[in-house]
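Student: Listed below, chain by chain, are the residues.
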Amino acid sequence: MTIPRLEIRRLTHRLPSGGRLLTILDAIDLSIGAGESVAILGPSGSGKSTLLALMAGLDRPTEGEVLLDGEPIHNLSEDRLAILRRRNVGFVFQNFQLLTNQTARENILLPLELASDEAAGTRADELLDQVGLADRGHHYPVQLSGGEQQRVALARAFATRPRILLADEPTGNLDGATGERVLELLADLQRQEGTTVVLVTHDASVAELTDRAVHLRDGRVERDEVVAGGDRVGYQRQVVAG
Amino acid sequence: MTLGIFLRHLRRESRGSRGRLVFFVACLAAGVASVVAVAGFSEGLDRGIRSEAKTLLAADLAVRGRQPIPVGVEAAIDKIAGAERTGVREMLTLVAAGQAPEEADNQHPSRSLLVELKGIDGRYPFYGELELEPSTDLDVLLNDRSAVVAPEVLTRLGLGVGDEMRIGGESFEIRGVVKREPDRITGAMSLGPRVLVSAAGLDRANLEQLGSRVNYRTLVRLPAERDGDIDTIVAELAGLLETDGRHRIETYTEAQPALRKGLRRVSSYLGLAALLSLLIGGLGVAQTVRAWLAGRMDSIAVLKCLGYRPREILWLYLGQTAVLGSIGSLVGVGLGIGLQMSITRLLAGALPVEHLEMWQPWSWSRGLILGVGVALLASLPPLVAAMRVPPIRVLRRDADPMPPSRLAVSGVGLALLSSLIGLATWQAGSFVVGLLFTGGLIVVAMVLGLAALGLARVATRPRERSRLWLRHGLAALDRPGASTVAGIVALGLGVLALLTMFLVEYGLSAELARDLPKDAPTAFLVDIQKDQWPGVETLLRDEQADQIESVPMVMARITAIDGRQASELRQEIEAEVETRRPGRDNREAWALRREQRLTYLDELPADNQLIAGELWGQPDVAEISVEEEFAGELGVVLGSVVTLDIQGVELDLTVTSLRKVDWGSFGINFFLVVEPGVLDDAPQTRVAAARLPEGREQQVQDRLASNFPNVTMIRTREVLEKVAAMLTQLALGVRLLGGLTVLAGLTILAGAVSAGSIRRGAEVALLKTLGMTRRQVMASFATEYALVGLVAGLIGTVGGAVLAYFVLTQGMDVTWENRPWWLVGSVAATVVLAVSSGLAASVGALRKRPIEVLRSVTG
Ligand SMILES: Nc1ncnc2c1ncn2[C@@H]1O[C@H](COP(=O)(O)OP(=O)(O)O)[C@@H](O)[C@H]1O
Ligand SMILES: [Mg+2]
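Top line first, the protein sequences correspond to chains A and B. So in our numbering, spot 9 of the first sequence is number 9, and the numbers just go up one at a time. So in our numbering, spot 598 of the second sequence is number 598, and the numbers just go up one at a time.
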């Protein structure tokens, strides 16, 4: 039996709110294989971002486990998590989150340098070329459009060839056409690098680009469906409520 | 992460916040500049004052006593490489004109004179100027058969240079006139004009055997490079003296009591100034770093997502702080040097600035170390907070900070505490002061923090009916991420420091002015016959003299104490001296042998303090009041009966009070004071002191010489003026340093308040977008800053007043004056400072169109 790239077991997250505990994620089980691309869908407030944060060890779950290649990460120290993220996890955010005081190229260089990549410079230039910004490397984020910024963010996320790439509403701040181009780029890179991608969105059309769609509602997995080549086929797994 | 990458990231990360970083550098530079200028300037002032003070002692230090200086001490002095010493013996004695020893005194009573005789064995003086006529070195004029005398001696004895005079029955040739002597008086009254002889001459006169009270002094000159070790050397020599307790060591700082107090006070003041200017600089840096990091929160979260470890974040920003700290400190040192140079220019006439050394690598490196150290320390707390920025902030901006690691918090706390104590100790030059200072700061900071929390809580109360701007301004105090607490603590501590500086500076310079010997006599008149006094007094008034004081003086000899004969007691004491245990019985044989000068008074002068018994309280007893130290030397206590022989008449007096005398007051004082009425008819003269208008001395002297040839006048103006000038210089220096520190502090505090408000541009833009007018935004911000200023001002002012009170009354022995309006002014000034610098920082954002700000914030 192959070990899934990412496995989530009975993941529960509660937060105090207005004097009582609010359950944001409720005993979620999820298993994502290597190279798979998964969309997490659901209405606003259903807990998608929270789930993503827990997958990356950006936050600590109240209960349950998160395993990356079979290794538990939910109980690692801050330092271990940082080192894990350095090489193995890439991020793309709705509001890009580029370092505003660094150029496009320097933003891409940063994770490479952190991972002590010998060929950081070459890799950064190669990525800039791949995202079509070869001549914009010396520009600062404010000098780039939203779409261009998100392409830099993609390049940065793929730079270290992470085992898993997490994207939270990557097109949320972009207009339709620009968003589509970014998503196509994401899909291209994923195919090239064979990266496992988890993509959070509330837009069902975005999910058409992925192999699988997990629907969240009120902190639970409502539906988990496998999508292939844009056509919905195969099975629909009913999730046990609880 | 390799060092190369680290440095690269450091450089990149510093981009984009350059404006704020310039501010950081400016804050630190102002603090360091004032530290360097204060240090350099105070060192120069200190050196200048000290070098002048040395002239008042004519030496670096002196060992003095009423017994010959122990051989061991002299040997120890000789062992100090490059040191020189000169033995000096002083005594009061009668001298006479003429040559033939067989010519008896009483045949020409007007031709004998009480003088202060000084025998010198070696080079004299080491510092200051001995003005002689003919102008040559003293040892050229003096041998065992010659003397140099004050002009008054010549006038009074009717002699000239080249004539012979008699001292102790031996003949001396007068070879010159002494016009000015650096260490002529030390505050006590003079009883006769000066006669200088060599040590060999003094031995020849054989006065010591005749029972004169001798003051022994060894003047020591230290090589210049040992100047800083003077305290060690004094301690070493004092160790050798311990076993007998009858000698003491004076350093040049003690030459003048008024000056000594002044120097001591000013040096504690300088320590305080250095400490407080550093504190203010630190506050400025802390606030700037806090504001700077607040703007870097998003970046930090991203860095963490990309795999930066918390401690790498710490290093990243600590590295930047160190770089900025070094730049700020370097700039500060440069500024400090510039300041020092301008001070030198400005005050060339008023201060002994020739001692201001421009090349002071030590004070510069001290400034650098302090600057970088303070920058790192001040940024540690906000940096540790930055470590706790949760990476999840990339997804949710209001994410709670991560729980602090207990280790980090206690580590930082410990580092902060010990470094603070260390720096304070270094600056103040005392561990206890450093400890107290740090403790006090923590207490005040805690009070400020609690008050700030209280204010934030009050601000959240519902207040729907109040005006919009007021409501908003109050709410802003409690908004998430508001730096109300930090702002109030920083501002409050700053106000405390500034007010302390201000109050202490004011109190101290006023006290220095009060200490000026304004009322001290500029001349003493001795040997005035009782019936001459009205005439002399008229003459003095005629010459516009004021502060005229005069007392009768009676010469007497002690013949018995409590019925036991003086000769018998003397033998007893002399036998005892051999076996005496140190410090216990300090009876002295000479006290019984010598001729006593006493006076009779109704009331004690102000510089006398009754410490035992009652003054003239027993109508049926003839009473005498004795100076406490002298009482010990005589071996009398309250109730003892002292028998005096006044020119053949014996008189029994009961000791009914003991007095403490401030010998440094420049007043006329006596060991023995007798009840009025008892001595009215005894043979007596009068002694007088007066303050003569400047330049009148010669005229007064001439008129005295022709009308009252037996009266001797001793001038003391020169020394007085020197003391006064030095005190004035000290006061001016204090003013200047205080002004400098307060000015730098105000700049830094204004900067710190603005730093905290700079990143509110987005808020201004939003409020304007939502329809608030600029006036309303201003009013809302003003409300907020006014409240911050009020709370910080109140607590800082109370703290500053308390600190100033203790520093002045306990540390410097300066009287405290209540000035409630000043405190009110301090609170008001704080509010004005907070509101104006807070608004100033928002002016840019208020002027911009909202969209400009909003775009740059979200982009
Ligand atoms: N720190 C927090 N405090 C209180 N509630 C929170 C916090 N973080 C998230 N939530 C709540 O949890 C729920 C899920 O949030 P989130 O994961 O951001 O949803 P989504 O990304 O699906 O829109 C929401 O109702 C949100 O309000
Ligand atoms: Mg979300």
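Please note that the accuracy of each hint is not assured.
On the chain B side, residues computed to face chain A include the following (Cβ under 10 Å) [to be verified]: (1) Thr2; (2) Lys304; (3) Gly338; (4) Met341; (5) Pro391; (6) Leu395; (7) Thr654.
Listing some non-contacts, in silico: residues in chain A with all C-beta distances to chain B over 10 Å [to be verified]: (8) Arg10; (9) Thr23; (10) Leu52; (11) Ala53; (12) Ala56; (13) Leu58; (14) Glu71; (15) Glu78; (16) Gln102; (17) Glu106; (18) Pro111; (19) Glu113; (20) Ala115; (21) Ser116; (22) Ile164; (23) Asp168.
Simulated from the structure, these hints should not be mistaken for laboratory data. The beta-carbon is built from N, C-alpha and C at its ideal position, and this holds for glycine as well.
Student: Confirm or reject each hint.
Tutor: Consistency of the hints with the structure:
{"no.": "1", "hint": "Thr2", "in the structure": "holds, 7 Å"}
{"no.": "2", "hint": "Lys304", "in the structure": "holds, 7 Å"}
{"no.": "3", "hint": "Gly338", "in the structure": "violated, 33 Å"}
{"no.": "4", "hint": "Met341", "in the structure": "violated, 39 Å"}
{"no.": "5", "hint": "Pro391", "in the structure": "holds, 5 Å"}
{"no.": "6", "hint": "Leu395", "in the structure": "holds, 5 Å"}
{"no.": "7", "hint": "Thr654", "in the structure": "violated, 88 Å"}
{"no.": "8", "hint": "Arg10", "in the structure": "holds, 21 Å"}
{"no.": "9", "hint": "Thr23", "in the structure": "holds, 17 Å"}
{"no.": "10", "hint": "Leu52", "in the structure": "violated, 7 Å"}
{"no.": "11", "hint": "Ala53", "in the structure": "violated, 5 Å"}
{"no.": "12", "hint": "Ala56", "in the structure": "violated, 7 Å"}
{"no.": "13", "hint": "Leu58", "in the structure": "violated, 4 Å"}
{"no.": "14", "hint": "Glu71", "in the structure": "holds, 16 Å"}
{"no.": "15", "hint": "Glu78", "in the structure": "violated, 5 Å"}
{"no.": "16", "hint": "Gln102", "in the structure": "violated, 5 Å"}
{"no.": "17", "hint": "Glu106", "in the structure": "violated, 6 Å"}
{"no.": "18", "hint": "Pro111", "in the structure": "violated, 5 Å"}
{"no.": "19", "hint": "Glu113", "in the structure": "violated, 5 Å"}
{"no.": "20", "hint": "Ala115", "in the structure": "violated, 7 Å"}
{"no.": "21", "hint": "Ser116", "in the structure": "violated, 7 Å"}
{"no.": "22", "hint": "Ile164", "in the structure": "holds, 13 Å"}
{"no.": "23", "hint": "Asp168", "in the structure": "violated, 6 Å"}
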